[in-house]
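A.B. asks: Chain B: place on chain A using the hints.
Protein chains in written order, with the numbering used here: chain A, 3 to 356; chain B, 3 to 356.
Hints should not be assumed to be uniformly reliable.
In this list, chains with the same sequence are indistinguishable; a pair is considered to hold if it fits within one copy or across any two.
Simulated crosslink set (EDC-like; lysine to aspartate or glutamate; CA at most 20 Å straight-line) [unchecked claim]:
#1 K90 to E344
#2 K90 to E247
#3 K90 to D18
#4 K12 to D348
#5 K308 to D253
#6 K92 to D348
#7 K92 to D68
#8 K302 to E270
#9 K226 to D246
#10 K308 to E344
#11 K226 to E310
#12 K12 to D43
Hints in this document: simulated from the structure, not taken from any laboratory.
Number of protein chains: 2
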Amino acid sequence: MLVFDNDDVKNALSMDVCLDAIEETYRDYGQGQAVNIPRADMLTPHPQEGYFYEFKTMSGAVPRYDICALRLSSSVIGFPTVLGTFRKEKVPAAPGNRWLGLIMLYRISNGELLCVFPDGYLQRMRVGATSGIGAKYMAVERAARVGILGSGFQAGSQLMAMCGVRKITEIKVYSPNRDHRYAFSVEMERELGVAVKPVGSAEEAVRDVDILVTASNAMVPLTKPEWLRPGMHVTSIRPIEIDDETFDRFDRIVKNSVEAEPLYYPMEGFKTPDTDVGWSTYQRERFPQLRILAEVVAGKIPGRQKPEEITYFLNSVGLGIQFAAVGAKFYDLARSRGLGKEIPTDWFLQTLHT
Amino acid sequence: MLVFDNDDVKNALSMDVCLDAIEETYRDYGQGQAVNIPRADMLTPHPQEGYFYEFKTMSGAVPRYDICALRLSSSVIGFPTVLGTFRKEKVPAAPGNRWLGLIMLYRISNGELLCVFPDGYLQRMRVGATSGIGAKYMAVERAARVGILGSGFQAGSQLMAMCGVRKITEIKVYSPNRDHRYAFSVEMERELGVAVKPVGSAEEAVRDVDILVTASNAMVPLTKPEWLRPGMHVTSIRPIEIDDETFDRFDRIVKNSVEAEPLYYPMEGFKTPDTDVGWSTYQRERFPQLRILAEVVAGKIPGRQKPEEITYFLNSVGLGIQFAAVGAKFYDLARSRGLGKEIPTDWFLQTLHT
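Extracted from the complex, chain A is given alone in its bound form:
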């Protein structure tokens, strides 16, 4: 049994590999050849007033790779007010001011636990790669300009993915914090070899682009319908960033999973500020027959039918098969490079069964 760290994942795993893994796996999933246990979140009070404990799990199995993945996180969370709005924040409460989020990979053919590693880096890569495959099947072929709202931890892998599926020549970045958007632009320009320009408003980032990515922490809609133009592809991680009028301008909408929200198990009578806002009631009513990306990749429904359509891919809720797919590729690469620390496999096996 091998234990890896985030640096191992970063060193071994490229966006191209992630894009291939997600595409292949979504094709399988769309054809009924992969399966998930949906994400479930459990919430309890924390000994310290104003904090909460959150435990999340999701799983997925991809027979093509002979891999089943479990992803879990065990977190202390708080709800501080940042720049006038409250946000959900994970507190680094574990020893050494750290967080806990883990991926475990299991071998389908014999059941054994192959490896355990933190989810931090791979999490971003699988989210980015999935938005990338969304754009591959839904954006216009000649898409070259990208606008992005947000410069936080999901933004970088979103841009890596867009550059992996289209010949991108220009990127505009808006986030409310000036320092953040400048630093992010410099970093991404270096990493991608594409011009990345920080801009002073959301409107400026959205106007005249072929692909709009929303990847912010905002708790309110960021877009206006008049900023969109025909032929655009829009992609978000959370639907809250899109207002209802903008939503009405989308000609084609595809989602990552059929679930509107994770399964939620709070302790009885227990409520935290509603920050992880799912699909709105309006959105749900308007699109009762929601289609998912796997159906597009498997060729069951079209991604885009006309050049002037405005398409939308909502990259939520996450699926366990994303971790199985990207994790399987990482595991093989890491093994071939001799990465990881070894723990005897039989520590995690038993001679009893239940």
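C.D. replies: Then chain B, alone, in the frame of chain A:
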């Protein structure tokens, strides 16, 4: 982070400790002071014809103990025919002919992973202890005679638990395999210090006892209504063992969880023989307003109201809080005895968060 094995659990954990932990935790749960993510099972084909891969998770958090538990299993399964009926069988497919089932305990106050250990021994203890608490609140006070159907891996801890909550003086055991019931009787008599008698029929085991435990692998009902007598307490792990007419004779029915069955996620269009039979349609229709043991322990509903009532506790479906409760006690005992192998905690933590 500590890794334990089944022997550590067996050496450190007594049934009395498990009974206390389950009772305390069920009282909390009945008062809304503990929470679960329900059990979910995922199923895929296996590379070898006739076999399947099954991945199961369940979680629970008990703030009283500052513990959150995840229990998972990763198994290759087959459906051989044994003594004329098919059974679900876990194949020891992992290296060294082993199985994989794990419990992981997390600290609510800081999120860290405290320990990992196999679920084999603890699994039986938590099932036994829960049936024990069912009997504590539902059996008549003077219950002294126990009949048990089955001599397999759940039967032993069921008897340990009954002896932990009532002054048991005589036990009768029936299972279809003569050698099994004799060997089991000898072993349990030695372990419990109570007379344990193997008997030649289910009827003989059921007649004139105060507590009937069904803990077999049978795929068909084992009981007949005329074998019951007033004042009896009956407890099962799976409802299939009780036929509908017997069911109609129960005056009071309590279940372990509100779920009728685990959440089930098979790969599309995919079916295995239906062996893990849940609550029957008949049973479900007859008891739409099912009550759970936690409500009894918390004093919200009565366990038994009259000496002549026939009571029934169905110990399914399992709950994550059972693992949190019994796991928390085991962890403290194991720590105080210096058990386990240590792995650096920071291998399972990260400086990124998602």
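A.B. asks: Look at each hint and say if it fits the structure.
C.D. replies: Here is what the structure says about each hint:
Proximity of K90 and E344 under a CA criterion of 20 Å is satisfied in neither setting, with 35 Å inside one chain copy and 33 Å between copies. Taking CA atoms no more than 20 Å apart as the test, K90 paired with E247 passes in neither setting, with 26 Å inside one copy and 53 Å between copies. In this assembly of identical chains, K90 and D18 lie within 20 Å of each other by CA distance neither inside one copy nor across copies; the values are 31 Å within and 42 Å between. Only between protomers do K12 and D348 lie at most 20 Å apart by alpha-carbon distance; the minimum there is 18 Å, versus 28 Å within a single protomer.
In this assembly of identical chains, K308 and D253 lie within 20 Å of each other by CA distance solely inside one copy; the values are 10 Å within and 66 Å between copies. For a Cα distance limit of 20 Å, the shortest separation of K92 from D348 across copies, 18 Å, qualifies, whereas the shortest one inside one copy, 34 Å, does not. Only between protomers do K92 and D68 lie at most 20 Å apart by alpha-carbon distance; the minimum there is 18 Å, versus 33 Å within a single protomer. Proximity of K302 and E270 under a CA criterion of 20 Å is satisfied inter-copy only: 15 Å between copies versus 42 Å inside one chain copy.
Only within a single protomer do K226 and D246 lie at most 20 Å apart by alpha-carbon distance; the minimum there is 9 Å, versus 62 Å between protomers. In this homomeric assembly, K308 and E344 never come within 20 Å of each other (Cα to Cα): the closest approach is 52 Å inside a single copy and 60 Å across copies. Taking the shortest Cα distances, K226 and E310 sit within 20 Å of each other inside one copy (18 Å), while across copies they are farther apart (71 Å). In this assembly of identical chains, the alpha carbons of K12 and D43 never lie at most 20 Å apart, being 27 Å within a copy and 32 Å across copies at closest.
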